[in-house]
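Protein chains in written order, with this note's numbering: chain A, 1 to 196; chain B, 1 to 466.
Because the hints were derived from the structure by calculation, they are not lab data.
Keep in mind that this is a model prediction, so the values were computed, not measured.
Every residue gets a Cβ at the ideal spot worked out from N, C-alpha and C, and that includes glycine.
Honestly, I wouldn't trust all of these hints.
Said to hold, decoys possible - Computed beta-carbon distance windows for the label pairs:
(1) A:L183 to B:T74: 34 to 40 Å
(2) B:D415 to A:D51: 30 to 36 Å
(3) B:N211 to A:N63: 49 to 55 Å
(4) B:G246 to A:F60: 28 to 34 Å
(5) A:E163 to B:S13: 25 to 31 Å
(6) A:V8 to B:A420: 57 to 63 Å
As the list claims (entries may be wrong) - 27 Å max Cα-Cα, derived DSS-like pairs, lysine-lysine:
(7) A:K169 to B:K47
(8) A:K58 to B:K321
(9) B:K337 to B:K363
(10) B:K321 to A:K129
(11) B:K422 to A:K58
(12) B:K321 to A:K76
(13) A:K33 to A:K129
(14) A:K129 to A:K143
(15) B:K317 to A:K139
(16) B:K316 to A:K76
(17) A:K194 to B:K17
(18) B:K165 to B:K177
(19) B:K247 to A:K169
(20) A:K33 to B:K76
(21) B:K384 to B:K245
(22) A:K169 to B:K17
(23) B:K422 to A:K33
(24) B:K276 to B:K163
(25) B:K267 to A:K194
(26) B:K76 to A:K194
(27) B:K245 to A:K194
(28) B:K163 to A:K169
(29) A:K33 to B:K47
(30) A:K33 to B:K78
(31) B:K365 to B:K317
(32) A:K194 to B:K163
(33) B:K245 to B:K9
(34) A:K76 to B:K276
(35) B:K245 to B:K300
(36) B:K191 to A:K58
(37) B:K78 to A:K194
(38) B:K177 to B:K337
(39) B:K165 to B:K3
(40) A:K5 to B:K47
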Amino acid sequence: MAYDKFTVLQDTAVPLPTQNVDTDQIIPARFLKATERVGFGDNLFRDWRYDVEGNPKKDFVLNNDTYSGKILVAGKNFGSGSSREHAVWAIYDYGFRCVVSSFFADIFKNNCLNIGVLPVTVSPEFVEKLFAAFEADPKAEIKVDLPAQSITLVSTGESESFEINDYKKQNMQNGFDDIDYLLNISDQIETFEKTR
Amino acid sequence: MEKTTLFDKVWDSHVVKSVPSGPDVFFIDKHFIHEVTSPVAFLNLEKRGIGVKYPERTIATPDHNVPTIDQDQTIKDKLSRMQVEKLRSNCEKYGIELHDLGSAHHGIVHVIGPELGVTQPGMTIVCGDSHTSTHGAFGAIAFGIGTSEVEMVLATQCIMQSKPKKMRISVEGELTKGVTSKDIILYIISKISAAGATGYFVEYAGSAIRNLSMEARMTICNMSIEMGARGGLIAPDQTTFDYLKGKQYAPEGADWDAAVAKWSELKTDEGAEFDKEYQFDAADIEPMITYGTNPGMGIKVVESIPSTEGMEGSNKKSYLKSLDYMGFAPGEPVKGKEVDYVFVGSCTNGRIEDIRSVAQFVKGKQKADNITAWIVPGSREVEKLAHEEGLVQILEEAGFKLRQPGCSACLAMNDDKIPAGKYAVSTSNRNFEGRQGPGARTMLASPLTVAAVAVTGKITDPREVF
Ligand code: SF4
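Pulled out of the complex, with its shape left as it was, chain A reads as follows (with noise of 0.2 Å):
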């Protein structure tokens, strides 16, 4: 569905160094049982985020007031594991808007570009750079660029630029959705499923 226009963000952000973040800790299985997509924040990150008797979890980051932001800094690797796009819906509803990672996981990331949610791959030495900076300075700001595909440190300038193809990035500055595209050439895939 369309979503939200992507363009500049300037923001905090909340750091998560862990490695190797699968999409059953980004949201897991038994809160996926609703068939429309709303309340998805709720559970973000549900087994980190509160304990058994639903306490918030005081060492966790979102449980910690000094960090917020609509950017997620993420270890290596991040949503690996199932296709759940609830996932992305979770992160979306809590508030995100982009995702930061030397590496994502294939179908997370197509998932965030289908919803809204800009995943960012940088170097693995920008991201220690990012975590260092938010942990000598919380408030730190990061400047997502998509237009000019850089993402910039603020407080130092310290710069990296990302990739992202042209087809996607329109689609992310537009709001627009792949339906939108695929509905448009319906001819074609007539055509063409006739011959299968």
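Go by the hints and put chain B with the ligand onto chain A.
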């Protein structure tokens, strides 16, 4: 002529058009849906005011969230019931074939597709489930998609995909006694890591792969996603054709012969190039087990958990966090550790061959007192065969409980959960934190190893017991 791979042949023949500096418009032959990842897709179709373009190309079954007891009764859990009812009403409304609870072909979507003969060589197959890669065993391009893509396929029979890179993994030689296809794939993942094939589509090749049955090939392709690959496939051959012949949706008569002729051409040309290649020797593979919280953290049952030597920074931190969750220490052996549960089932190892191998090995033995043993057939068809072949009786005499088909404790969406802190040795595919229930500690292994663990009550090398 240009030399191409099996993957190229299937991919390229399904591209409706390529978007300049963008993805391909990729045509999907068959689409599987289940109750968990489809409701929002249907809801969005409704919001857009559009319908399902080619309903005959989609097949549905409820599997993830269904109870594995009393399937003939109303589902007790309200949310699960609503999801299954939504699936029913959506299938009814749009004319989609549904294999409902209790029907002859109900089961885990990746088990029933092949059983029905819906899955065929050269096809493109998607499903809102990452283990769709299972169907690659037939020489199909099959992979998991998100709900937005489910919506795209329902609406247009296409998705927008950039072509992945190509990897070939060859396993040559003969497997030794007690080693199964599950051990092959756990071994491969342990070597190239849980992210090692991200961005790739894998072709499995080599004599050890060719010698496997279709069931065993499915186990391998199934876990391709656990090393990050979009999917994995194996060139179709006589084993594939023999499996498909006579299946409900397989072609018949002259159509069959034409299909086999076409399918026989689906192979990688000699000299075709891959972006990456790995070669393994079957003789090096031994019974495997995982000790950590991703499927890449696997070792031979006889080995010790790796020490932290040479690790630093966030690598080391993540490693220790994982071992802490599992209650293990670096450097200690896994053999001999006490286990609480065993689970035989899932789209990885819930097929008849898996149940046969467990039954054969526990025959006349008893499960250990400390073990709760669940067997969940992948489908009604598997369940039926297990009864007919007398396997159920053998298993029940050994103290196993046979439940009804579904995903069950593979992802613990229903009531089949491993309690917090307990150890489960499981034939499923994911050992993530909480995968089998909050706090559950999962160790992945082959059905054979699981059978050995069930009998001894602790982590055991199956070769020592049988
Ligand atoms: S058995 Fe497990 S892996 Fe397979 S489809 Fe079901 S939940 Fe997914």
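So, going through the hints one by one against the coordinates:
For the pair L183 of chain A and T74 of chain B, the beta carbons lie near 39 Å from each other, so the given range of 34 to 40 Å is met. About 22 Å separates the C-beta atoms of D415 of chain B and D51 of chain A, a value inconsistent with the hinted range of 30 to 36 Å. Checked against the hint of 49 to 55 Å, the C-beta distance between N211 of chain B and N63 of chain A comes to roughly 53 Å, which is consistent with it. For the pair G246 of chain B and F60 of chain A, the beta carbons lie near 55 Å from each other, so the given range of 28 to 34 Å is not met.
In this structure the supplied range 25 to 31 Å holds for E163 of chain A paired with S13 of chain B, their Cβ-Cβ distance being about 28 Å. The hint said 57 to 63 Å for the Cβ distance between V8 of chain A and A420 of chain B, and at roughly 44 Å that hint is violated. A threshold of 27 Å between alpha carbons decides the hint, and for K169 of chain A with K47 of chain B the separation of about 25 Å falls inside it, so the pair holds. Under the criterion of a C-alpha separation no larger than 27 Å, the hint pairing K58 of chain A with K321 of chain B is consistent with the structure, at around 17 Å.
Note on K337 of chain B and K363 of chain B: the hinted pairing holds, with a Cα-Cα distance of about 24 Å set against a maximum of 27 Å. Annotation: proposed proximity of K321 of chain B to K129 of chain A holds, straight-line Cα distance about 22 Å (limit 27 Å). Distance restraint check for K422 of chain B and K58 of chain A: the Cα-Cα separation of roughly 25 Å lies within the 27 Å cut-off, and the hinted pair is therefore satisfied. For the hint pairing K321 of chain B with K76 of chain A, the CA-to-CA distance comes to about 15 Å; that is within 27 Å, so the pair holds.
Between K33 of chain A and K129 of chain A, the direct Cα distance comes to roughly 39 Å. Violation of the 27 Å bound is thereby established for this hinted pair. The suggested pairing of K129 of chain A with K143 of chain A holds, with an alpha-carbon distance near 14 Å, which does not exceed 27 Å. With a C-alpha separation of about 24 Å, the suggested pairing of K317 of chain B with K139 of chain A holds against the 27 Å cut-off. For the given pair, K316 of chain B sits about 13 Å from K76 of chain A by alpha-carbon distance, which is consistent with the 27 Å threshold.
Proximity of K194 of chain A to K17 of chain B is assessed by CA-CA distance (about 15 Å); at most 27 Å being required, the pair is judged to hold. Distance restraint check for K165 of chain B and K177 of chain B: the Cα-Cα separation of roughly 35 Å exceeds the 27 Å cut-off, and the hinted pair is therefore not satisfied. Taking the CA atoms of K247 of chain B and K169 of chain A, the gap is near 45 Å; set against the 27 Å cutoff, the hint is violated. A hinted pair counts as satisfied when its Cα atoms are at most 27 Å apart, and K33 of chain A with K76 of chain B qualifies at roughly 14 Å.
Among the hinted pairs, K384 of chain B with K245 of chain B is consistent with the structure: their alpha-carbon atoms are about 20 Å apart, no more than 27 Å. Among the hinted pairs, K169 of chain A with K17 of chain B is consistent with the structure: their alpha-carbon atoms are about 19 Å apart, no more than 27 Å. A C-alpha spacing of about 25 Å is found between K422 of chain B and K33 of chain A, which places the hinted pair at or below 27 Å, so the restraint holds. Our distance criterion of 27 Å between C-alpha atoms is met by K276 of chain B and K163 of chain B, whose separation comes to about 15 Å.
For the hint pairing K267 of chain B with K194 of chain A, the CA-to-CA distance comes to about 25 Å; that is within 27 Å, so the pair holds. At most 27 Å may separate the alpha-carbon atoms for a hinted pair to count; K76 of chain B and K194 of chain A exceed this at roughly 44 Å. A distance of roughly 25 Å separates the Cα atoms of K245 of chain B and K194 of chain A; the hinted pair therefore holds under the 27 Å criterion. A hinted pair counts as satisfied when its Cα atoms are at most 27 Å apart, and K163 of chain B with K169 of chain A qualifies at roughly 18 Å.
Our distance criterion of 27 Å between C-alpha atoms is met by K33 of chain A and K47 of chain B, whose separation comes to about 21 Å. The straight-line distance between the Cα atoms of K33 of chain A and K78 of chain B is roughly 9 Å, inside the 27 Å bound, and the hint therefore holds. Only pairs whose Cα atoms come within 27 Å are accepted, and K365 of chain B paired with K317 of chain B is rejected, the gap being roughly 43 Å. Proposed proximity of K194 of chain A and K163 of chain B is supported: the alpha carbons are some 23 Å apart, at most 27 Å.
The straight-line distance between the Cα atoms of K245 of chain B and K9 of chain B is roughly 23 Å, inside the 27 Å bound, and the hint therefore holds. In summary, the hint linking K76 of chain A to K276 of chain B is supported, as the alpha carbons are separated by about 21 Å, within the 27 Å threshold. Only pairs whose Cα atoms come within 27 Å are accepted, and K245 of chain B paired with K300 of chain B is rejected, the gap being roughly 37 Å. As the CA atoms of K191 of chain B and K58 of chain A are separated by approximately 36 Å, the hinted pair breaks the 27 Å bound.
Between the alpha carbons of K78 of chain B and K194 of chain A the distance comes to roughly 42 Å, so the proposed pair goes past 27 Å and is violated. The straight-line distance between the Cα atoms of K177 of chain B and K337 of chain B is roughly 23 Å, inside the 27 Å bound, and the hint therefore holds. With a C-alpha separation of about 16 Å, the suggested pairing of K165 of chain B with K3 of chain B holds against the 27 Å cut-off. A distance of roughly 20 Å separates the Cα atoms of K5 of chain A and K47 of chain B; the hinted pair therefore holds under the 27 Å criterion.
Violated hints, in rising order: 2, 4, 6, 13, 18, 19, 26, 31, 35, 36 and 37; the structure is consistent with all others.
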